[in-house]
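**Student:** Protein sequence lines correspond, in order, to chains A and B.
Taking our numbering, the leading residue of the first sequence gets 1, the next gets one more, and so forth.
Taking our numbering, the leading residue of the second sequence gets 1, the next gets one more, and so forth.
One or more hints might be untrue.
[Said to hold, decoys possible] The calculated label-pair distances, taken between Cβ atoms and stated as ranges, are:
#1 A:62 / B:106: 44 to 52 angstroms
#2 B:66 / A:9: 22 to 30 angstroms
#3 B:104 / A:80: 29 to 37 angstroms
#4 B:16 / A:20: 44 to 52 angstroms
#5 B:42 / A:77: 36 to 44 angstroms
#6 A:80 / B:66: 22 to 30 angstroms
#7 A:3 / B:52: 21 to 29 angstroms
#8 B:53 / A:80: 23 to 31 angstroms
#9 A:9 / B:108: 25 to 33 angstroms
#10 B:50 / A:28: 20 to 28 angstroms
#11 A:51 / B:57: 33 to 41 angstroms
#12 A:14 / B:30: 29 to 37 angstroms
What the hints contain is simulated information worked out from the structure, not anything from laboratory work.
C-beta atoms are modelled at their ideal positions from N, C-alpha and C, and glycine is treated no differently.
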Amino acid sequence: DVKVTQSSRYLVKRTGEKVFLECVQDMDHENMFWYRQDPGLGLRLIYFSYDVKMKEKGDIPEGYSVSREKKERFSLILESASTNQTSMYLCASSSLAGGTGELFFGEGSRLTVL
Amino acid sequence: AQRVTQPEKLLSVFKGAPVELKCNYSYSGSPELFWYVQYSRQRLQLLLRHISRESIKGFTADLNKGETSFHLKKPFAQEEDSAMYYCALSGWGAQKLVFGQGTRLTINP
Numbered sequence: 001d002v003k004v005t006q007s008s009r010y011l012v013k014r015t016g017e018k019v020f021l022e023c024v025q026d027m028d029h030e031n032m033f034w035y036r037q038d039p040g041l042g043l044r045l046i047y048f049s050y051d052v053k054m055k056e057k058g059d060i061p062e063g064y065s066v067s068r069e070k071k072e073r074f075s076l077i078l079e080s081a082s083t084n085q086t087s088m089y090l091c092a093s094s095s096l097a098g099g100t101g102e103l104f105f106g107e108g109s110r111l112t113v114l
Numbered sequence: 001a002q003r004v005t006q007p008e009k010l011l012s013v014f015k016g017a018p019v020e021l022k023c024n025y026s027y028s029g030s031p032e033l034f035w036y037v038q039y040s041r042q043r044l045q046l047l048l049r050h051i052s053r054e055s056i057k058g059f060t061a062d063l064n065k066g067e068t069s070f071h072l073k074k075p076f077a078q079e080e081d082s083a084m085y086y087c088a089l090s091g092w093g094a095q096k097l098v099f100g101q102g103t104r105l106t107i108n109p
C-alpha cells in the first residue's frame, strides 16, 4: 500500500516560533508538493520539488521555505509562524512517468498558531 | 494563468437524484483535468481524470473545451457519495496541479 506520511497530525505553536512539517513517501516518487487547504479557498500550492535539492515556488510561498535533502523526504519550514498560517497542510507526491501523475496525499497536518 | 472555479461551495441532493458538480477552468494551452475527492476522515484521493474517460463509482466527467468546463456527474446519488470534491487542472504533461475551491456534497437519505 503506497504511503505518504506526515509526521505531525496536530500542532499548536506560538507566533514567531519556527515550525517544521515533515513528509515522507515510500513510492520512490520524483515529485513532492506542499499545499495548504483552507475552507472556501481550496488547495493552494506553497512549494514543490522535482528532485533532490530542487525546489520551486508555488502560488503562495511567502513565509515558507522547504528542504529536500533525500528523495523520500520533503520538509516545510515556517521560519516565524504567524496567525494567518493557521491551516491544514497537505503533502503529496507523484511520479514523473506518464505525464501529469496522480497525486498521492498524506493525511494532513493541522497547524494552529496562537 | 491557470485558474479553476467551482461555483458551488455546498451542494445537497437526495439519494437517488442526479448530481452535477460544476467546474470551469481558464488555461490558454492544452489542459489536463482531474477530480479529487476527500471522504470524511480520509485522505484526498484521485477520483477520475479526463484522459482516461472512465466512469468511477458511477461518476463521469466530460471535458468541454468550448465552454472550458469539466463538470462531474452521476445519474443516481448514493449516501456514500457525501464528500468534499475538488476539480484540478494542469498543463499537458506538467507536474503541478491547480485546484478549485472545492464543493461539499451532501446526499440526504
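**Student:** For every hint, state whether the structure bears it out.
**Tutor:** Consistency of the hints with the structure:
1. A:62 / B:106: 44 to 52 angstroms: Distance hint for residue 62 of chain A, residue 106 of chain B is violated at roughly 35 angstroms.
2. B:66 / A:9: 22 to 30 angstroms: 44 angstroms, violated
3. B:104 / A:80: 29 to 37 angstroms: 33 angstroms, holds
4. B:16 / A:20: 44 to 52 angstroms: 48 angstroms, holds
5. B:42 / A:77: 36 to 44 angstroms: Since residue 42 of chain B and residue 77 of chain A have Cβ atoms about 27 angstroms apart, the given range 36 to 44 angstroms is violated.
6. A:80 / B:66: 22 to 30 angstroms: 48 angstroms, violated
7. A:3 / B:52: 21 to 29 angstroms: Holds: the Cβ-Cβ distance is about 23 angstroms, inside 21 to 29 angstroms.
8. B:53 / A:80: 23 to 31 angstroms: Violated - the Cβ-Cβ distance for residue 53 of chain B and residue 80 of chain A, about 47 angstroms, lies outside 23 to 31 angstroms.
9. A:9 / B:108: 25 to 33 angstroms: 31 angstroms, holds
10. B:50 / A:28: 20 to 28 angstroms: 27 angstroms, holds
11. A:51 / B:57: 33 to 41 angstroms: 34 angstroms, holds
12. A:14 / B:30: 29 to 37 angstroms: 47 angstroms, violated
In this structure, the hints that do not hold are numbers 1, 2, 5, 6, 8 and 12, in rising order.
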